[in-house]
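Using the sequences provided together with the hints, build the complete structure.
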Amino acid sequence: MNSNDFKQTVKAIYIKLVLFFALLVFVAIMLIIKITNPSFLNTQKEEVEVNQYVSTDGIDPNEIKNGIHLPTGFKEGDGLFEVVISCTPCHSAKLVTQNRATKEGWSSIIKWMQETQNLWDLGENESIIVNYLATHYAPENKGRRENLKDIDWYDLK
Amino acid sequence: MKRRHFIKKSLLSSAATLIGGNIIYSASMPDNYTPLVFQDPDPYKLFGKDPEMTILNNKPWNIEAKAHLLNDNVTPNKSMFVRNNGLIPQDIDVSKWTITFDGESVVSSKTYTLQDLKTKFKHYTYQLTLECGGNGRSEFNPPAKGNQWTIGAVSCAEWTGVRLKDVLEDVGIKNNAVYIGYHGADIHLSKDPTKEAISRGVPMYKAYQEETLLAFKMNGEDIPLTHGYPLRLVAGGWPASTSGKWIKGISVRDKIHDGAKMKAPSYTVPCNTVSPGDKVKEENMCIIESMPVKSLITYPKTGAMINEGESLNIKGHAWAGELAVKSMAYSIDFGATWNTCVLNKPINRLAWQHFNATIKFPKKGYYEVWAKATDENGVSQPMIVPGWNPKGYLNNACHRIAVKVK
Chain A
1 MNSNDFKQTV KAIYIKLVLF FALLVFVAIM LIIKITNPSF LNTQKEEVEV NQYVSTDGID
61 PNEIKNGIHL PTGFKEGDGL FEVVISCTPC HSAKLVTQNR ATKEGWSSII KWMQETQNLW
121 DLGENESIIV NYLATHYAPE NKGRRENLKD IDWYDLK
Chain B
1 MKRRHFIKKS LLSSAATLIG GNIIYSASMP DNYTPLVFQD PDPYKLFGKD PEMTILNNKP
61 WNIEAKAHLL NDNVTPNKSM FVRNNGLIPQ DIDVSKWTIT FDGESVVSSK TYTLQDLKTK
121 FKHYTYQLTL ECGGNGRSEF NPPAKGNQWT IGAVSCAEWT GVRLKDVLED VGIKNNAVYI
181 GYHGADIHLS KDPTKEAISR GVPMYKAYQE ETLLAFKMNG EDIPLTHGYP LRLVAGGWPA
241 STSGKWIKGI SVRDKIHDGA KMKAPSYTVP CNTVSPGDKV KEENMCIIES MPVKSLITYP
301 KTGAMINEGE SLNIKGHAWA GELAVKSMAY SIDFGATWNT CVLNKPINRL AWQHFNATIK
361 FPKKGYYEVW AKATDENGVS QPMIVPGWNP KGYLNNACHR IAVKVK
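One line per chain: the protein sequences are A and B, in this order.
If you're matching positions, the first sequence starts at 1 in our numbering and goes up one per residue.
If you're matching positions, the second sequence starts at 1 in our numbering and goes up one per residue.
Source of the hints: derived by calculation from the structure; they are not laboratory data.
C-beta: ideal position from N, C-alpha, C; glycine also.
Just to be clear, a hint being listed does not mean it is correct.
Lysine-lysine pairs mimicking BS3-like chemistry, simulated, CA-CA at most 25 Å apart [unchecked claim]:
hint: 1; chain 1: A; residue 1: 111; chain 2: B; residue 2: 261
hint: 2; chain 1: B; residue 1: 301; chain 2: A; residue 2: 142
hint: 3; chain 1: A; residue 1: 142; chain 2: A; residue 2: 75
hint: 4; chain 1: A; residue 1: 94; chain 2: B; residue 2: 360
hint: 5; chain 1: B; residue 1: 66; chain 2: B; residue 2: 45
hint: 6; chain 1: B; residue 1: 404; chain 2: B; residue 2: 360
hint: 7; chain 1: A; residue 1: 149; chain 2: B; residue 2: 363
hint: 8; chain 1: B; residue 1: 120; chain 2: B; residue 2: 279
hint: 9; chain 1: B; residue 1: 261; chain 2: B; residue 2: 165
hint: 10; chain 1: B; residue 1: 263; chain 2: B; residue 2: 195
hint: 11; chain 1: A; residue 1: 142; chain 2: B; residue 2: 263
hint: 12; chain 1: B; residue 1: 263; chain 2: A; residue 2: 111
hint: 13; chain 1: B; residue 1: 301; chain 2: A; residue 2: 157
hint: 14; chain 1: B; residue 1: 363; chain 2: B; residue 2: 301
hint: 15; chain 1: B; residue 1: 281; chain 2: B; residue 2: 301
hint: 16; chain 1: B; residue 1: 301; chain 2: A; residue 2: 149
hint: 17; chain 1: B; residue 1: 363; chain 2: A; residue 2: 157
hint: 18; chain 1: B; residue 1: 315; chain 2: A; residue 2: 149
hint: 19; chain 1: B; residue 1: 45; chain 2: B; residue 2: 301
hint: 20; chain 1: A; residue 1: 149; chain 2: B; residue 2: 364
Quick list of the computed label-pair ranges, beta carbon to beta carbon [claimed, not checked]:
hint: 21; chain 1: B; residue 1: 337; chain 2: A; residue 2: 151; range: 17 to 25 Å
hint: 22; chain 1: B; residue 1: 284; chain 2: A; residue 2: 73; range: 30 to 38 Å
hint: 23; chain 1: B; residue 1: 276; chain 2: A; residue 2: 131; range: 22 to 30 Å
hint: 24; chain 1: B; residue 1: 174; chain 2: A; residue 2: 151; range: 37 to 45 Å
hint: 25; chain 1: A; residue 1: 151; chain 2: B; residue 2: 104; range: 53 to 61 Å
hint: 26; chain 1: A; residue 1: 15; chain 2: B; residue 2: 104; range: 45 to 53 Å
hint: 27; chain 1: B; residue 1: 378; chain 2: A; residue 2: 103; range: 37 to 45 Å
hint: 28; chain 1: A; residue 1: 63; chain 2: B; residue 2: 210; range: 54 to 62 Å
hint: 29; chain 1: B; residue 1: 91; chain 2: A; residue 2: 73; range: 24 to 32 Å
hint: 30; chain 1: B; residue 1: 377; chain 2: A; residue 2: 104; range: 48 to 56 Å
hint: 31; chain 1: A; residue 1: 124; chain 2: B; residue 2: 44; range: 47 to 55 Å
hint: 32; chain 1: B; residue 1: 119; chain 2: A; residue 2: 121; range: 47 to 55 Å
hint: 33; chain 1: A; residue 1: 112; chain 2: B; residue 2: 125; range: 33 to 41 Å
Here it is, written out as structure tokens:
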């Protein structure tokens, strides 16, 4: 083997090594971006978004009437908008407004959603949300059996 | 700009305006989450439901019947409750639909097309009672979290399909099989493709029952989309969450299935009874199997007014999970005295039974007609809400309707 051949072989190996390390660095950078921003390179987004029953016609997203936030049915109060933006991305407001719980109860529901349902860290909003819910959707003592209510009387023919 | 993105931005910015600052954590909200602030105007048309049905939740869809809507002997789609845990699958291609059997306890995994299932195995038709484990949750005190079902999360439709046991025998199951777990095509609410909305199941003895079906027809027609089209597991008499919808797979497990919503507190009750409001550790919660004895007065609708001297005919259904109902009684004096109803035998095991009675009232006034079923083991419905449990399952308290005699 002459020295020219040897030089060329070394050069070829050198180029391959540089390319290999460049690729490694590229993959590492992509991975870091993907880890810090999970939706990066996510191609499924548009597809899954189709499944939403959203009608926007003629409703003002901020309209409040008689103490009720019309688009969601939530009661007006401090924390309403933190609740709207945190609770309604995944499920309907109805799942919240039909429930009643104490502060402790609402906190445990949030914890359950974070542990099992992909709810994100609510940060400082959590206490605002829990206060709002425990104030406006607090439990009432129903006893062991309530009276029948809202009876719609009619003549039976 | 897409309309939805515009709305999201305008909502977030107007929310920010209202609270006088930035929404601190809106930045940490993933991009593909859009707050659902607008609600669909007509799900009744979408699902073919009676306009008197009650919508508890529209994401996911949860809709219940009122007692008088359930008067048919066989529940039609229009009055059948909807309980979804995730989002309904879209764009179902029946020609490509397959079901795969896998898990630790299959000899080897096996996939069938829908056509294979329909042609290889014998078809059976049964009327099967499906009741949501949380039916009646709204009455628990202190309240239990979840959809606040009143009385209408129950149905008894006619299901046609193949026996799960016939298919399991064809697949080949090892002796160490303990439980089956289903996998459906529905989408998790968070839209995370790695998460299942719900994946529950039953122990092998229930999987091997003759009435446990992989069904492709409901009331003689294709199963409606929201009830599991094109393939649904039907395990009558058990919490309806065991009757998985949009079935794509069955895992035969060598242990209790550990899919989504198998873990406490979901579909579990304290193994030992607790006092109302108690905290119960996960390991002290037991999975619900057969549903308890229960009944509904489906005729007349509550609020009936009759004239003095007229008699009142009542009708309804009674069911008892794995068991049959032995007797049915009604009371018009809040349980002080009970009278017997005429009770039919079930058309097949796990179907609800129909009852009727003719009632005479002694004088004018306000009455409540209470109904009480007793199962073949002599266990009756309580008049008050039964044992409290953290998630508010198994409320089988007596149903009643209001009647006025003028």
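Can you confirm whether the C-alpha distance between residue 363(B) and residue 301(B) stays at or below 25 Å?
Answer holds: residue 363(B) to residue 301(B) is near 21 Å, not above 25 Å.
Regarding the pair residue 149(A) and residue 363(B), is the alpha-carbon distance no greater than 25 Å?
Roughly 23 Å separates the two Cα atoms, so the pair holds.
Does the alpha-carbon distance linking residue 120(B) and residue 279(B) stay inside the 25 Å limit?
50 Å, violated
Distance restraint evaluation - residue 91(B), residue 73(A), Cβ atoms, bounds 24 to 32 Å
Holds - the Cβ-Cβ distance for residue 91(B) and residue 73(A), about 31 Å, lies within 24 to 32 Å.
Take the C-beta atom of residue 63(A) and the C-beta atom of residue 210(B), compute their distance, and say whether it sits inside 54 to 62 Å.
56 Å, holds
Under the criterion that the straight-line Cα-Cα distance not exceed 25 Å, is the pair residue 281(B), residue 301(B) satisfied?
Measuring from Cα to Cα gives roughly 41 Å; hence the hint is violated.
Given the range 17 to 25 Å, decide if the beta-carbon distance of residue 337(B) to residue 151(A) lies inside it.
Taking Cβ atoms as reference, residue 337(B) and residue 151(A) lie about 23 Å apart, which means the hint holds.
Does the alpha-carbon distance linking residue 263(B) and residue 195(B) stay inside the 25 Å limit?
15 Å, holds
Can the restraint linking residue 94(A) and residue 360(B) be considered satisfied, given a maximum Cα separation of 25 Å?
42 Å, violated
Within 37 to 45 Å: is that where the Cβ-Cβ distance between residue 174(B) and residue 151(A) falls?
57 Å, violated
Could you say whether the range 22 to 30 Å given as a hint is met by the Cβ separation of residue 276(B) and residue 131(A)?
For residue 276(B) and residue 131(A) the Cβ distance comes to about 25 Å; the hint holds.
Decide if the proposed pair is consistent with the structure: residue 149(A) and residue 364(B), CA atoms, cutoff 25 Å inclusive.
20 Å, holds
When held up to the earlier numbered hints, the structure conflicts with 4, 8, 11, 15, 24, 30, 31 and fits the remainder.
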